[in-house]
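Visitor: Construct the complete structure from the given sequences, taking the supplied hints into account.
For the protein sequence lines, the chains are P and V, in the order given.
The first sequence begins at 1 in the numbering used here and counts up by one.
The second sequence begins at 1 in the numbering used here and counts up by one.
Careful: at least some of the hints might be erroneous.
As the list claims (entries may be wrong) - Quick list of simulated restraints, FRET-style, between CB atoms:
hint: 1; chain 1: P; residue 1: I25; chain 2: V; residue 2: G111; range: 34 to 40 Å
hint: 2; chain 1: V; residue 1: N65; chain 2: P; residue 2: G191; range: 50 to 56 Å
hint: 3; chain 1: P; residue 1: Q209; chain 2: V; residue 2: Q131; range: 48 to 54 Å
hint: 4; chain 1: P; residue 1: P162; chain 2: V; residue 2: I139; range: 55 to 61 Å
hint: 5; chain 1: V; residue 1: E127; chain 2: P; residue 2: K143; range: 46 to 52 Å
hint: 6; chain 1: P; residue 1: N244; chain 2: V; residue 2: G111; range: 53 to 59 Å
hint: 7; chain 1: P; residue 1: G164; chain 2: V; residue 2: R53; range: 42 to 48 Å
hint: 8; chain 1: P; residue 1: D160; chain 2: V; residue 2: E127; range: 38 to 44 Å
Unchecked claim - Some chain P residues flagged as far from chain V (calculated, every beta-carbon gap over 10 Å):
hint: 9; residue: I117
hint: 10; residue: A119
hint: 11; residue: L136
hint: 12; residue: M146
hint: 13; residue: S166
hint: 14; residue: S179
hint: 15; residue: G191
hint: 16; residue: D204
hint: 17; residue: V205
hint: 18; residue: R212
hint: 19; residue: D238
Derived from the structure by calculation, the hints contain no laboratory data.
Where a beta carbon is used, it is the ideal one built from N, C-alpha and C, also for glycine.
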Amino acid sequence: MTHPPLTEAEIQAYIDGELDLPRRIEVEAYLEANPPVAAQVMADLRMRDALRLAFAEDGGVRVASYENARMLGRAVRWRRLTVRLRRVAAVVLLVGLGWGAQSVLGVTRIDPAAATIPAYADEAGDAYRTVLYRHLVDPAEPKGGMPADALAEAPITLPDLPEGWSIRSIEVVPWDGGSGFEATIDTDRFGLVTLFAAASDGFDVQQPQAQRAKDVTVAYWQVGPAVYALCAEAPAADLLGAANTLAETLY
Amino acid sequence: MKRRKDDFDVIAELPGLKRYALVLTRDAAEAEDLLQDTLLKAYEGRRKWQPDRALRPWLFAIMHNAHVSRLRGRRAEDARIVQATQFAPQSGAPVQDARVQLAQVQRAMLGLPEEQREALLLVAVEEFRYQEAATILDIPIGTLMSRLGRARAALREAAGSAADETATDHTGPGGPASPRLRLVE
Numbered sequence: 001m002t003h004p005p006l007t008e009a010e011i012q013a014y015i016d017g018e019l020d021l022p023r024r025i026e027v028e029a030y031l032e033a034n035p036p037v038a039a040q041v042m043a044d045l046r047m048r049d050a051l052r053l054a055f056a057e058d059g060g061v062r063v064a065s066y067e068n069a070r071m072l073g074r075a076v077r078w079r080r081l082t083v084r085l086r087r088v089a090a091v092v093l094l095v096g097l098g099w100g101a102q103s104v105l106g107v108t109r110i111d112p113a114a115a116t117i118p119a120y121a122d123e124a125g126d127a128y129r130t131v132l133y134r135h136l137v138d139p140a141e142p143k144g145g146m147p148a149d150a151l152a153e154a155p156i157t158l159p160d161l162p163e164g165w166s167i168r169s170i171e172v173v174p175w176d177g178g179s180g181f182e183a184t185i186d187t188d189r190f191g192l193v194t195l196f197a198a199a200s201d202g203f204d205v206q207q208p209q210a211q212r213a214k215d216v217t218v219a220y221w222q223v224g225p226a227v228y229a230l231c232a233e234a235p236a237a238d239l240l241g242a243a244n245t246l247a248e249t250l251y
Numbered sequence: 001m002k003r004r005k006d007d008f009d010v011i012a013e014l015p016g017l018k019r020y021a022l023v024l025t026r027d028a029a030e031a032e033d034l035l036q037d038t039l040l041k042a043y044e045g046r047r048k049w050q051p052d053r054a055l056r057p058w059l060f061a062i063m064h065n066a067h068v069s070r071l072r073g074r075r076a077e078d079a080r081i082v083q084a085t086q087f088a089p090q091s092g093a094p095v096q097d098a099r100v101q102l103a104q105v106q107r108a109m110l111g112l113p114e115e116q117r118e119a120l121l122l123v124a125v126e127e128f129r130y131q132e133a134a135t136i137l138d139i140p141i142g143t144l145m146s147r148l149g150r151a152r153a154a155l156r157e158a159a160g161s162a163a164d165e166t167a168t169d170h171t172g173p174g175g176p177a178s179p180r181l182r183l184v185e
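Guide: Next comes the structure, spelled out in structure tokens:
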């Protein structure tokens, strides 16, 4: 009945659940034969459990921390999604080709006089022209895209759509700040519109503003890290009204 | 959009992070500041996080580093008075023996040197594996274990005056043998 003496480190590893089963049995046999050491182990276990219970009481977390944690959670999910998307390189490449088409077609950019327009809104406007062009060539376009549940993984909240608006397709599109989503929507008022949504690096809250460039109007706004751009062939005032309605559903 | 319950739920990690912050700072207001700091640093560093890494140890490591750099900023405040009672469980009748004991253990733990109490919290309360805790603290496993050992010995000593002295002769069974580490994995 001789057991090899145990070291302090092994007893500790036993307490902390770091030992495998055969070694646990050895330790327990040793403790059985050495009541004073066993009593010490029980004292350590008691203190561990007491600490767990004592610290179990909620220390109280400020609301701001919850908000920050929510924001971080979204960023982390977003990161997971984009990393996964990068692995599906082919998909992104195809979208990228479609995206590049507008430069080949020599589509006019937003009026330089309106230089204050954010990059995402500018790019969303260009992308909208690409969509319009595809639609002109083939009225069935755009179609397909990613399944709507894939969006549930994204950190972006899409606004609730009003009556008479229905999503035709959702695609992942690259932009300066990474990847975003572009939803093409059939509407009763404006015909075909696109809603661009992406997570930006910044954090801001901006009410919708509308910019018109030639025949295309872009209404854009920001909620926290998320930026949105609604694009349509419509008067700026009308589209701004629609953008306000959408933005209100995000709060 | 519906809220998904998944491994990347930062809100679920808040209580654990708050506990760690309390143990590091021993001050409720400081702890909340440290928590904020940690969340912001994590947000800023989110591109460094790899989705195949667990979120929890990553957040704890950020808090550890945030605390270290905050400390560096003000060594002068070293002699902080332990006000454990500030956040020790107090509600309910103070005559309850079990609750008093809990508060005593917690106070003794908060009285330990910082490196010992953070090691003990991560392993004993937050249930990190030795390897994870050592990574969070950026120390070798052996160092972690000796800090744990010293922390536990100190707690036993603190409790010992009241309890039976049964175990004191056997803190090192087999004499001061050099620690042989036999860890799983």
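Visitor: Each hint should be assessed against the structure and marked as holding or not.
Guide: Going down the list of hints, with the structure as the test:
no.: 1; hint: P:I25 / V:G111: 34 to 40 Å; result: 36 Å, holds
no.: 2; hint: V:N65 / P:G191: 50 to 56 Å; result: 53 Å, holds
no.: 3; hint: P:Q209 / V:Q131: 48 to 54 Å; result: 52 Å, holds
no.: 4; hint: P:P162 / V:I139: 55 to 61 Å; result: 57 Å, holds
no.: 5; hint: V:E127 / P:K143: 46 to 52 Å; result: 50 Å, holds
no.: 6; hint: P:N244 / V:G111: 53 to 59 Å; result: 58 Å, holds
no.: 7; hint: P:G164 / V:R53: 42 to 48 Å; result: 45 Å, holds
no.: 8; hint: P:D160 / V:E127: 38 to 44 Å; result: 41 Å, holds
no.: 9; hint: I117; result: 26 Å, holds
no.: 10; hint: A119; result: 19 Å, holds
no.: 11; hint: L136; result: 32 Å, holds
no.: 12; hint: M146; result: 14 Å, holds
no.: 13; hint: S166; result: 18 Å, holds
no.: 14; hint: S179; result: 13 Å, holds
no.: 15; hint: G191; result: 26 Å, holds
no.: 16; hint: D204; result: 14 Å, holds
no.: 17; hint: V205; result: 17 Å, holds
no.: 18; hint: R212; result: 30 Å, holds
no.: 19; hint: D238; result: 27 Å, holds
Of the hints listed earlier, there is not a single one the structure fails to meet.
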